[in-house]
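Protein chains in written order, with my numbering: chain A, -19 to 405; chain B, -19 to 405.
Please note that the accuracy of each hint is not assured.
Since the list can't tell identical chains apart, any single copy or any two copies may satisfy a pair.
As the list claims (entries may be wrong) - Okay, derived cross-link-like pairs now, BS3-like style, lysine-lysine, Cα gap no bigger than 30 Å in a straight line:
id, residue 1, residue 2
1, Lys309, Lys208
2, Lys35, Lys8
3, Lys332, Lys309
4, Lys103, Lys352
5, Lys103, Lys35
6, Lys208, Lys106
7, Lys93, Lys103
8, Lys35, Lys106
9, Lys208, Lys177
10, Lys309, Lys177
11, Lys292, Lys35
12, Lys93, Lys204
None of these hints come from the bench; they were simulated from the model.
There are 2 protein chains.
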Amino acid sequence: MALVVHKYGGTSMGSVERIQNVARRVAKWVNAGHQVVVVPSAMSGETNRLLGLAKEINANCADMSPREMDMIASTGEQVSVGLLAIALQAIGTPAVSYTGWQVPVRTNSAFMKARIESIDGVKVKKDLDAGRVVIITGFQGVDPNNNITTLGRGGSDTSAVAVAAAIKADECLIYTDVDGVYTTDPRVVGNARRMDKITFEEMLEMASLGSKVLQIRSVEFAGKYQVKTRVLSSLTDPDMDINIEANSGTLITFEEDENMEKAVISGIAFSRDEAKITLNQVPDMPGVAFNILGPIAAANIDVDMIIQNQSKNGTTDFSFTVNRAEYNKTMELINSTVAPAVGAASVDGNDKVAKVSAVGIGMRSHVGVASKMFDTLSHAGINIQMISTSEIKISVIIEDKFMELAVRELHQAFDLENEVSTDAV
Amino acid sequence: MALVVHKYGGTSMGSVERIQNVARRVAKWVNAGHQVVVVPSAMSGETNRLLGLAKEINANCADMSPREMDMIASTGEQVSVGLLAIALQAIGTPAVSYTGWQVPVRTNSAFMKARIESIDGVKVKKDLDAGRVVIITGFQGVDPNNNITTLGRGGSDTSAVAVAAAIKADECLIYTDVDGVYTTDPRVVGNARRMDKITFEEMLEMASLGSKVLQIRSVEFAGKYQVKTRVLSSLTDPDMDINIEANSGTLITFEEDENMEKAVISGIAFSRDEAKITLNQVPDMPGVAFNILGPIAAANIDVDMIIQNQSKNGTTDFSFTVNRAEYNKTMELINSTVAPAVGAASVDGNDKVAKVSAVGIGMRSHVGVASKMFDTLSHAGINIQMISTSEIKISVIIEDKFMELAVRELHQAFDLENEVSTDAV
Chain A
-19 MALVVHKYGG
-9 TSMGSVERIQ
1 NVARRVAKWV
11 NAGHQVVVVP
21 SAMSGETNRL
31 LGLAKEINAN
41 CADMSPREMD
51 MIASTGEQVS
61 VGLLAIALQA
71 IGTPAVSYTG
81 WQVPVRTNSA
91 FMKARIESID
101 GVKVKKDLDA
111 GRVVIITGFQ
121 GVDPNNNITT
131 LGRGGSDTSA
141 VAVAAAIKAD
151 ECLIYTDVDG
161 VYTTDPRVVG
171 NARRMDKITF
181 EEMLEMASLG
191 SKVLQIRSVE
201 FAGKYQVKTR
211 VLSSLTDPDM
221 DINIEANSGT
231 LITFEEDENM
241 EKAVISGIAF
251 SRDEAKITLN
261 QVPDMPGVAF
271 NILGPIAAAN
281 IDVDMIIQNQ
291 SKNGTTDFSF
301 TVNRAEYNKT
311 MELINSTVAP
321 AVGAASVDGN
331 DKVAKVSAVG
341 IGMRSHVGVA
351 SKMFDTLSHA
361 GINIQMISTS
371 EIKISVIIED
381 KFMELAVREL
391 HQAFDLENEV
401 STDAV
Chain B
-19 MALVVHKYGG
-9 TSMGSVERIQ
1 NVARRVAKWV
11 NAGHQVVVVP
21 SAMSGETNRL
31 LGLAKEINAN
41 CADMSPREMD
51 MIASTGEQVS
61 VGLLAIALQA
71 IGTPAVSYTG
81 WQVPVRTNSA
91 FMKARIESID
101 GVKVKKDLDA
111 GRVVIITGFQ
121 GVDPNNNITT
131 LGRGGSDTSA
141 VAVAAAIKAD
151 ECLIYTDVDG
161 VYTTDPRVVG
171 NARRMDKITF
181 EEMLEMASLG
191 SKVLQIRSVE
201 FAGKYQVKTR
211 VLSSLTDPDM
221 DINIEANSGT
231 LITFEEDENM
241 EKAVISGIAF
251 SRDEAKITLN
261 QVPDMPGVAF
271 NILGPIAAAN
281 IDVDMIIQNQ
291 SKNGTTDFSF
301 TVNRAEYNKT
311 MELINSTVAP
321 AVGAASVDGN
331 DKVAKVSAVG
341 IGMRSHVGVA
351 SKMFDTLSHA
361 GINIQMISTS
371 EIKISVIIED
381 KFMELAVREL
391 HQAFDLENEV
401 STDAV
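Use the sequences and the hints to build the structure in full.
Right, dumping it as structure tokens:
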């Protein structure tokens, strides 16, 4: 008998029939003797509908009280948990639903992007021991002043993993519309392979690089509290054998087993929505990085890659990337105030770039990955505009029209379509 | 400067434009220097939509967990309060919204028909003193175990009056789609007159008799806590002079002023959805009433009028009325078990009857009302099937096809189209 958390996304909860399917799946686990906590999202489209009403009232979203937005948005999950409880009860499985504040799921007061601070598992455990399925709203919590908060888009993944940590669940199963984590996007590389396992560090890099399977904060939580987390498909027959289910999808692990040691690269991640900006010949002095990025952070623009090369003749070129949607706003800010303030000779910008990354825990002990990556891209005639590396990741910025080509070439070069890459590098 | 509670029904909150109208009206009061608490209902149709989803999952409503129904249904008002807060903020009026549990509005645990036990006004007062409009979800509260409860249909009226009592508001304004309480339904009697004032006892009788303006429990609350409550229209121009508004509609009062003494009858109420059942020649012995009505109460059937005449030859005829929708169920129960058990000679039933009542605080000191009522009906050729009286009300059961005629004749006989009835009786 295991204690598991199931998380279901908005698509899995998208209609009465689908909610009934979720209930059948959960009941199957319960009938096999397991204790189950379920964390469902709002029915698909519901959160957008609710926030759409608010936007109709006040078209200027920036002015809108985030506290009130959370008051409204949090109702989507509250409806979901109630409906799922009724669906379970209708098939004879005792169930009880709780909102974030009832558990409680305590968060800070950052409305619309709150962070979970603690979860009280006492009430949940008591219900489980009494034979009930416990259904907890994803995406939301309560702040120290009893205000309802939401965790931001995708927050239900984080809720599920955090609940699993709080009740010390044996495993957190994230049911989604894909059947696991792939070596890269199967729509780009036809023979991309589903991984049975991935380390949480690799998953972190994959998630942050635009692989949309899991929300990145949920992976951080899984890592911090060592929650065994599995990504698997909810689109399979809910009556299938749960022993098979418990071994399907992709498991995020915390041990680097023998297999993993051998795999130099686990996957190729990519992101098209990139833009890069370079300030040329900035007089190099202490504080220049802060003087450039401070105003950008103050304008709530997220910066991704940051590159500063060695200075030459007392000046340096400073580059960074932002999300493409924020390119114009950023360029305006740089041109109007930042570049003059730091004395840059000129500013270059390009919003037609993409980022491609090779991710792998095995990279730590293999030196040749970078050169192999650069060689592969060079042979494909793809020019590298920026490079950035971490311990288990190498990212390059390239012209965006070459993105798919780069992903396919790298996937093949690192032999990712086969079970374990033993490619000598 | 006054402290007032505004209550808006689902129709008034039925669209983004209407919510913006409500906001303009509230802002007008605030800008005139008043402190305002608003209790809105869910957007019209929303509660039905939510409960409809639950019914799709479990067609057998009787089996459905009322706790989970409340979890789902309560979200409708939560969305309303958030949207109204945003609408107020958008026009520069500071506002904050609270759910029932946040105030808190404490209730018992009778899910779907909970009763308010206490309301903590401290947080509300603090916000008001800080210059904010406080918006509180109607229809809901929280039980001693932190479960969300709802008060049942129409519960928002009760919420508003209870909040007004808790914060000692100067007046509770119930904005609705009619402009006050009439001497009878204007659709039946063209020259029915809107009353400027009505005593709470009269309102109680009018409400319980099918005058749908106010939920009956809200009137009980108003009486118990002496909350000055006004029913008025939300369909007027929200920019109108609030001094006019504050004197419009119908005020429910607690003093019988001079005017009222003179008015013998205030209004004619009626209800078409009636059915009557008579057990003939029941052997008269102690406990017979309980033996008849006990099983009916146990089956959750509400009984309205109950009439038992003096016994003759050791037997009595026992009659009562139920809602027409429960007629078949009741007849089945009576015929199968109750009538044999009490030894009734036969059972008569009729589901084509209506109830017409004359209501008036002045009736207390005027003896001739009943005879005038019976005389009027007799002259109109209407046969009276049952009679029941209370201190301020006389009700008769008649054939339902005569209902409108009876209402019109009585309205005229008691001279209700004129401001004060001084008709000698």
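Structure-based check of each hint:
1. Lys309 with Lys208: neither (41 Å within a copy, 55 Å between copies)
2. Lys35 with Lys8: between (41 Å within a copy, 23 Å between copies)
3. Lys332 with Lys309: Answer is within; shortest intra-copy Cα gap is 16 Å, inter-copy 72 Å.
4. Lys103 with Lys352: So Lys103 and Lys352 fail the 30 Å test inside a copy (54 Å) and across (64 Å) alike.
5. Lys103 with Lys35: Intra 37 Å, inter 28 Å, cutoff 30 Å: inter-copy only.
6. Lys208 with Lys106: For Lys208 and Lys106, only the intra-copy Cα distance (23 Å) is at most 30 Å; the inter-copy one is 46 Å.
7. Lys93 with Lys103: Both: 26 Å inside a copy, 25 Å across copies.
8. Lys35 with Lys106: between (41 Å within a copy, 29 Å between copies)
9. Lys208 with Lys177: within (11 Å within a copy, 68 Å between copies)
10. Lys309 with Lys177: neither (40 Å within a copy, 61 Å between copies)
11. Lys292 with Lys35: neither (50 Å within a copy, 73 Å between copies)
12. Lys93 with Lys204: within (19 Å within a copy, 45 Å between copies)
The structure shown violates the earlier hints numbered 1, 4, 10 and 11.
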